[in-house]
Amino acid sequence: MNAPTKPPPLLQVEGVTLQYRTEKHLVTATYRVSFDVHGADRFVLLGPSGCGKSTLLKAIGGYMTPTEGTMRLKGAPIREPGADRVFVFQEFDQLLPWKTVKQNVIFALESSGKMRGKQAEEQAMRYIEKVNLTKFADSYPHTLSGGMKQRVAIARGLAMEPDVLLMDEPFAALDALTRRKMQEELLQLWEDTRFTVLFVTHSIPEAVMIGNRILLLSPHPGQVKGELNSDGSDPVDPVTGKTLSDRIHATLFADRVEEDEVVHHG
Amino acid sequence: MADVHAVTPGQGLVPPQRSEYMSDIVAGAEFGVVQRPLTAWQRLMAQAWLRKTAILLIIVVAWELYARHLNNPLLVPTFTATIQAFYAGIVGGDLLQKVVNSVVLLLKGYGLGLALAVAFTALAMMSRIGNDLLETLTSAFNPLPAIALLPLALIWFGLGDVSIIFVIVHSVLWAVALNTHSGFRSVSNTLRMVGRNYGLKGPRLVAKILIPAAFPSIVTGLKIGWAFAWRTLIAAELVFGVSSGKGGLGWYIYESKSMLDIPSVFAGLFAVILIGLIVENLIFRNIEAVTVRRWGMQN
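So the sequence lines, in the order shown, correspond to chains C and E.
Everything in the first sequence is counted per this note's numbering, starting at 1 for the first residue and increasing by one.
Everything in the second sequence is counted per this note's numbering, starting at 267 for the first residue and increasing by one.
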């Protein structure tokens, strides 16, 4: 940063500890996690299963309250779910099956009180066009493929023009070819509208491709292991001679790497 | 007998080396069939109503033949005699009036039962105690045949519509409440979260997310409730006879039996079946066609 005054972060997470109850246990999902997300960030939460990344996203969505720490969006504490943070889930059933593609987007706009009537319809069609589903605007979700359903969910989220889009492994249930295509389309959409997105994944290649900033979380409970920058090209570090993916892999799976090194040197 | 093709997997096994190849695919026009319209017969047989009508016709013919062979109208009147009695009952007799009496009573009981079911389910959705209450009551009362309550109802409410409505409400309430409640509980957490994400909570969440999402179960509950109510009503009328001087279909059947007018008994039963078929095939089927089937929630 060469500018002397950095703009205040859009989303501030400070020392957040999250705990939830199962039938028999009290589980600590994350322990004192802190990070800042700035406007137009493609901020990726990356970690193995059990690092609490999805729980963290749910808390930012307002679906659970941290036992410790604060979360602020534009300076205001997050207390409950709200349309300024729109979720895109992994599950295909996030679309209302009784509404068409267009009605699903309009539903979001009208329920939240953001827009009504003609204005809502125009906004819906504008974003449905952005995800190339104009032809399917009047189709019911059950007639669409998995990738198309996720595109509708993304259109619905973006049409709300939220402060931050929360994506919880949105492409994890898709086949590899479709996933690749969706990642490219998401980046294209970002070029187009420059939204802020918080993206949860457990795939290192996906994190490197999607994110401009990657937060690494360790498992059981989730703790911050570091934050890295990415330009999507997975560059080779001139000093260490390793790619970004290799560095992430080494950080997240440090224990195993050490074992390997012992074998190599021993 | 040693099978030459059998290969025993072993440690040193290596797949054979094969050469690679690429091939051109055949252009579309050279296939025989990619997509071909079905024949007229195949399309006819795909219509469920046509197949069912055919089954009904076969049953009717069998009935007619057997009744003629038996030649004893006191036991089994022919189909034609039944239809004649039915026609005479509608045009000249009071069959239509009896049907109207029964249906009016049925709708009163059904409506009241549904309203109570909604109240109970709402209570169960709002609190854990309400939930426990509903579960306990349904498990206690659902297996209890409504007609078994009729003697008690007669003592409590006397000989009249109220007693019949009471047993109908009992037959509808638990079946509908049970289905609606389990429907609400099976709505996916994701859908609930989506609703809350866009600012829905309380009654708006129920109206805009839970009810449509649970609609398949709700319709099933309505259908079961309707069938229970209809059966209970006819049975109650049979036991009960005339209620408040009017009498319904059950009474019509009972009365005709007393006068040994067996074709009219059959005509009464025929009316019961006909109304059941009409409600199932016209009303509920159409509700399902424009809702759950269109939404892909039921096939």
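What the hints contain is simulated information worked out from the structure, not anything from laboratory work.
A couple of the hints might just be wrong.
[Claimed, not checked] Stretch by stretch, here's where chain C covers chain E in the computed footprint (C-beta under 8 Å, at least three residues):
1. 329–342
2. 451–460
3. 463–474
[Stated by the list, open to error] Taking lysine-lysine and the DSSO-like style, the derived pairs with C-alpha atoms no more than 27 Å apart in a straight line are:
4. C/Lys74 - C/Lys99
5. C/Lys74 - C/Lys6
6. C/Lys130 - C/Lys118
7. C/Lys118 - C/Lys135
8. E/Lys467 - C/Lys99
9. C/Lys118 - E/Lys467
10. E/Lys474 - C/Lys118
11. C/Lys114 - E/Lys467
12. E/Lys374 - E/Lys489
13. E/Lys374 - E/Lys467
14. C/Lys130 - C/Lys99
15. E/Lys523 - C/Lys114
16. C/Lys181 - C/Lys135
17. C/Lys6 - C/Lys225
18. C/Lys74 - E/Lys374
19. E/Lys512 - C/Lys99
20. C/Lys74 - C/Lys114
21. C/Lys225 - C/Lys242
22. C/Lys242 - C/Lys74
23. C/Lys24 - C/Lys74
24. C/Lys181 - C/Lys130
25. C/Lys181 - C/Lys99
26. C/Lys99 - E/Lys374
27. C/Lys99 - C/Lys114
We put the beta carbon where it would ideally sit given N, CA and C, even for glycine.
Inset, instruction - For the pair we were handed, lysine 74 of chain C and lysine 114 of chain C, check the Cα-Cα distance against 27 Å. - result: Satisfied, since the Cα-Cα distance of roughly 19 Å is no more than 27 Å.
Legend entry - 27 Å limit on alpha-carbon distance, applied to hinted pair lysine 24 of chain C and lysine 74 of chain C: Given that 27 Å is the threshold and the Cα spacing comes to 37 Å, the pair is violated.
Legend entry - Restraint check for lysine 74 of chain C with lysine 6 of chain C, where alpha carbons must lie at most 27 Å apart: Judged against 27 Å, a Cα distance of about 15 Å means the pair holds.
Inset, instruction - Below or equal to 27 Å on CA atoms is what counts here, so check lysine 74 of chain C against lysine 374 of chain E. - result: violated, 56 Å
Legend entry - 27 Å Cα cutoff - pair lysine 114 of chain C, lysine 467 of chain E: This hinted pair holds, its Cα atoms lying about 16 Å apart.
Legend entry - Hint consistency between lysine 181 of chain C and lysine 135 of chain C [alpha-carbon to alpha-carbon, up to 27 Å]: holds, 19 Å
Inset, instruction - Please count how many residues of the segment 451–460 of chain E have a CB within 8 Å of a CB from chain C and say whether that reaches 3. - result: holds (count 5)
Inset, instruction - For the pair supplied as a hint, lysine 512 of chain E and lysine 99 of chain C, confirm whether the alpha-carbon distance does not exceed 27 Å. - result: The given pair, whose Cα atoms are some 47 Å apart, is violated under the 27 Å limit.
Inset, instruction - Take a quick look at whether lysine 374 of chain E and lysine 489 of chain E sit within 27 Å of each other, Cα to Cα. - result: This hinted pair holds, its Cα atoms lying about 16 Å apart.
Inset, instruction - Below or equal to 27 Å on CA atoms is what counts here, so check lysine 181 of chain C against lysine 130 of chain C. - result: Holds, at about 15 Å.
Legend entry - Pairwise hint evaluation, lysine 74 of chain C against lysine 242 of chain C, where the allowed Cα distance is 27 Å at most: Answer violated: lysine 242 of chain C to lysine 74 of chain C is near 37 Å, above 27 Å.
Legend entry - Distance restraint between lysine 225 of chain C and lysine 242 of chain C, which requires alpha-carbon spacing of 27 Å or less: Satisfied, since the Cα-Cα distance of roughly 18 Å is no more than 27 Å.
This entry does not satisfy hints 1, 4, 13, 15, 18, 19, 22, 23 and 26, going by the numbered hints stated previously.
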